[in-house]
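For reference, the chains in residue letters:
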Amino acid sequence: MGGYGDVQLLRDDGLRLDGRKLDEMRPVSIEAGILPAADGSAMVTHGLNVAVAAVYGPMEAHPRKIQRQDRAVIDVRYNMAPFSTGDRIRPGYNRRSREISKVTAEALESVVLVERFPRSKIRVEIEILAAEAGTRCAGLTAAAVALADAGIPMRDLIVGVASGKVEGIVVLDLDKAEDNYGQADLPVGILPNTGEIAFLQMDGDLSPDEYNLAMEYNFKAAAEIHEIMVDALKRRYEGGEN
Amino acid sequence: MVELVPTLLRQELARLAEDDQRLDGRAQWEGREVSLEVDCLYNAEGSAKVVMGKTIVYAGVKFELRTPWPDRPSQGSLMCGAELRPVAHRKYEPGPPSPESIELGRVVDRGIRESGCIDMESLCIVPGEKVWGVMIDIHVLSDGGNIFDACGLAAIAALRTAIVPAERFDVGEDYKLKVNGTPIMSSFTRVGGRYIYDPSEEEELGGDERIHITLGDEGHLHSLQKGLRGVFTPAEFAEIFDVAHQRCTDLRTLVANQEGN
Amino acid sequence: MSNGQNGAELRLVTPGMAIGPSAGIRVGSGALAQNDTIIATRLGWVKEFNNTVSVDPINSAYMPRSGDLIVATVAEVRNNLWFMNINGPFQGLLPMSLAPWKVEFGAARQHMGIGDVVLARVQEVDECHNVVLTMKGVGLRRLTQGSLHSVPINHLERLRGEGNATLQRLRDACDCRIIVGENGKVWVDGNSEGTAWARQAFDLVLKSGHKDTFEADLTALEKNAPKNGDA
Numbered sequence: 001m002g003g004y005g006d007v008q009l010l011r012d013d014g015l016r017l018d019g020r021k022l023d024e025m026r027p028v029s030i031e032a033g034i035l036p037a038a039d040g041s042a043m044v045t046h047g048l049n050v051a052v053a054a055v056y057g058p059m060e061a062h063p064r065k066i067q068r069q070d071r072a073v074i075d076v077r078y079n080m081a082p083f084s085t086g087d088r089i090r091p092g093y094n095r096r097s098r099e100i101s102k103v104t105a106e107a108l109e110s111v112v113l114v115e116r117f118p119r120s121k122i123r124v125e126i127e128i129l130a131a132e133a134g135t136r137c138a139g140l141t142a143a144a145v146a147l148a149d150a151g152i153p154m155r156d157l158i159v160g161v162a163s164g165k166v167e168g169i170v171v172l173d174l175d176k177a178e179d180n181y182g183q184a185d186l187p188v189g190i191l192p193n194t195g196e197i198a199f200l201q202m203d204g205d206l207s208p209d210e211y212n213l214a215m216e217y218n219f220k221a222a223a224e225i226h227e228i229m230v231d232a233l234k235r236r237y238e239g240g241e242n
Numbered sequence: 001m002v003e004l005v006p007t008l009l010r011q012e013l014a015r016l017a018e019d020d021q022r023l024d025g026r027a028q029w030e031g032r033e034v035s036l037e038v039d040c041l042y043n044a045e046g047s048a049k050v051v052m053g054k055t056i057v058y059a060g061v062k063f064e065l066r067t068p069w070p071d072r073p074s075q076g077s078l079m080c081g082a083e084l085r086p087v088a089h090r091k092y093e094p095g096p097p098s099p100e101s102i103e104l105g106r107v108v109d110r111g112i113r114e115s116g117c118i119d120m121e122s123l124c125i126v127p128g129e130k131v132w133g134v135m136i137d138i139h140v141l142s143d144g145g146n147i148f149d150a151c152g153l154a155a156i157a158a159l160r161t162a163i164v165p166a167e168r169f170d171v172g173e174d175y176k177l178k179v180n181g182t183p184i185m186s187s188f189t190r191v192g193g194r195y196i197y198d199p200s201e202e203e204e205l206g207g208d209e210r211i212h213i214t215l216g217d218e219g220h221l222h223s224l225q226k227g228l229r230g231v232f233t234p235a236e237f238a239e240i241f242d243v244a245h246q247r248c249t250d251l252r253t254l255v256a257n258q259e260g261n
Numbered sequence: 001m002s003n004g005q006n007g008a009e010l011r012l013v014t015p016g017m018a019i020g021p022s023a024g025i026r027v028g029s030g031a032l033a034q035n036d037t038i039i040a041t042r043l044g045w046v047k048e049f050n051n052t053v054s055v056d057p058i059n060s061a062y063m064p065r066s067g068d069l070i071v072a073t074v075a076e077v078r079n080n081l082w083f084m085n086i087n088g089p090f091q092g093l094l095p096m097s098l099a100p101w102k103v104e105f106g107a108a109r110q111h112m113g114i115g116d117v118v119l120a121r122v123q124e125v126d127e128c129h130n131v132v133l134t135m136k137g138v139g140l141r142r143l144t145q146g147s148l149h150s151v152p153i154n155h156l157e158r159l160r161g162e163g164n165a166t167l168q169r170l171r172d173a174c175d176c177r178i179i180v181g182e183n184g185k186v187w188v189d190g191n192s193e194g195t196a197w198a199r200q201a202f203d204l205v206l207k208s209g210h211k212d213t214f215e216a217d218l219t220a221l222e223k224n225a226p227k228n229g230d231a
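Protein chains in written order, with this note's numbering: chain H, 1 to 242; chain W, 1 to 261; chain V, 1 to 231.
This is chain H alone, in the form it adopts within the complex (with noise of 0.2 Å):
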């Protein structure tokens, strides 16, 4: 969180800069299966962020030390393209996007059913063409998609939604202005369909009341965009209608 106070995020009319209620996210669109040499793929437009996500495997997994002989390992891979930000960022791996891709992981093991595929891996490759602000929870949403299209056996999908904080206020879905500039940010990793979590970071200051606002932001964030993803997924398959 940038933490600079002196900036103005809400509008007199208590409306956000770029016209949204508190609680309203930005507008977002999934496509399924758009990559062709890929297993599994998916491209989700949230706001102004692009992420494309690809999936390959269950594979044998290589090198053997990562292999585990109980289950699937998912090795994930958050990058973001040199020209997806305002200032170019230089190619190859970062701290932050090990982080990322750490955590995103651990995030789909918990959905994935990988007792299924012992000694195996699953490719899972997060890529950021534009950011805006929100890239991690779009590069999750965009990588349960794409396992799906896989034809991964899974026990739900994962939503990546985020809310925050700015001028003391709690709102849903920060953009890049209000993540700048805002007090808090809360991006979280949500199963539609059981309501459990399974990817959780937080940066920035909020009081407990605060923190039980925004997780319920982004609950109901959250099935707005599971709808969306199961859109996207009949959408590939269905009738044939598209």
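Hints listed in this document are in silico derivations from the structure and should not be mistaken for laboratory results.
A few of these clues could be false.
Straight-line alpha carbon distances no greater than 30 Å define the calculated BS3-like cross-link-like pairs of lysine-lysine that follow [as the list claims (entries may be wrong)]:
| no. | chain 1 | residue 1 | chain 2 | residue 2 |
| --- | --- | --- | --- | --- |
| 1 | V | K136 | H | K234 |
| 2 | V | K207 | W | K54 |
| 3 | H | K176 | W | K176 |
Predicted, not measured: the structure shown is a model, and the values here were computed from it.
Once you have looked at the hints, place chains W and V on chain H.
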């Protein structure tokens, strides 16, 4: 990961070549349908998406302010890089840039640089102090064969629609980057003993060496590259050189039409 | 039919979605009983049969089972065995003793090299996914001619049809020998016209194997079959 080549695939490709046919029914010098979209990435100053069959490629242009090289105080710089990340195909593995992705980026870079379509002097703001560095990054999302041509096309199309972000860097008003020309790459692979244009994934898998030719607007050569194991004759080159001239005219028109929109 | 697409039964589910109450109902593949509810674990069509609820996946990797007839490609040769690519997560192993020839130790390479394509059967799969193949059996052999094609695993039933009726139609239409491996690899042997037509038919299975229009599309394609052209 080295891909396994079934002997039956090589046999079939050889048989088809004898009958002057290809796996997907195309003629020897026929390309796949190409779709080109420009201005499709929100944070890039210029961008393009190319779809050719099962191949999908994005290119994005970014600018930075830098101090010029001491020996060329009034010249900006251009850099083009390609990433063959594991998202693009089962065969690509994670790790530092592979020789394949470095070759890809450098071949595209040479074609654009040597065509002279970017006047390096025009990238100078204050001689000896401040010049623009132009960076084209190419991102292959799906490798369905002939990523070289797709990357070359995406790179020049992104460059030709780029806006120099002068305002953001406090050096004047934004303006359209001046690009004089549209260098176009054409790629050929030996399949079943003969060369074909625009190889598909299966043709590359069961094929041999490849040749990449980048031609400028005047039909001059700006970059050549022979890759993979194999040899060719001068007569073979003469033939594909002719084809490259024809094919690059079509693609140049495609780029021009996109800019009109 | 496996597709569950006949009229009112059409129901596509996504992972985690509730299918119905679990009381008194057996849970088949692609589904899971959670609390009092059966939920889907895969993207696919709901199938209810014999008091069992399962989900027919829309996309699937090949998971070998013993007895499967498959089309495999040699990936690696050792002195006394071959490793085969079977289009699944793990390679299959063909020991010298299960080859169709009498092989001297160290002579495996003289019989089959990397890239060679064979018709084999899955002998055994253990719980750790170790797959043993055999080439001892009627018709199992090295495929020295013809071409190799791919069809999605979940469309194999569509490709074969009731009692192999669809497959036989394809064979008749293109006048080719066609062998469908359980691993989604298909071998076609015939002239180049017939092979090209078969390739179009497999593309059709890939693109519209899950649609109601498949039957009509296939009939349309049959009109362009080389045999009809000759007649």
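Proposed proximity, H/K234 with V/K136 (alpha carbon, max 30 Å): Distance of about 44 Å is beyond 30 Å: violated.
Restraint check for H/K176 with W/K176, where alpha carbons must lie at most 30 Å apart: holds (26 Å)
Distance restraint between V/K207 and W/K54, which requires alpha-carbon spacing of 30 Å or less: Status holds; Cα separation ~14 Å.
Checked against the numbered hints above, the structure violates only hint 1.
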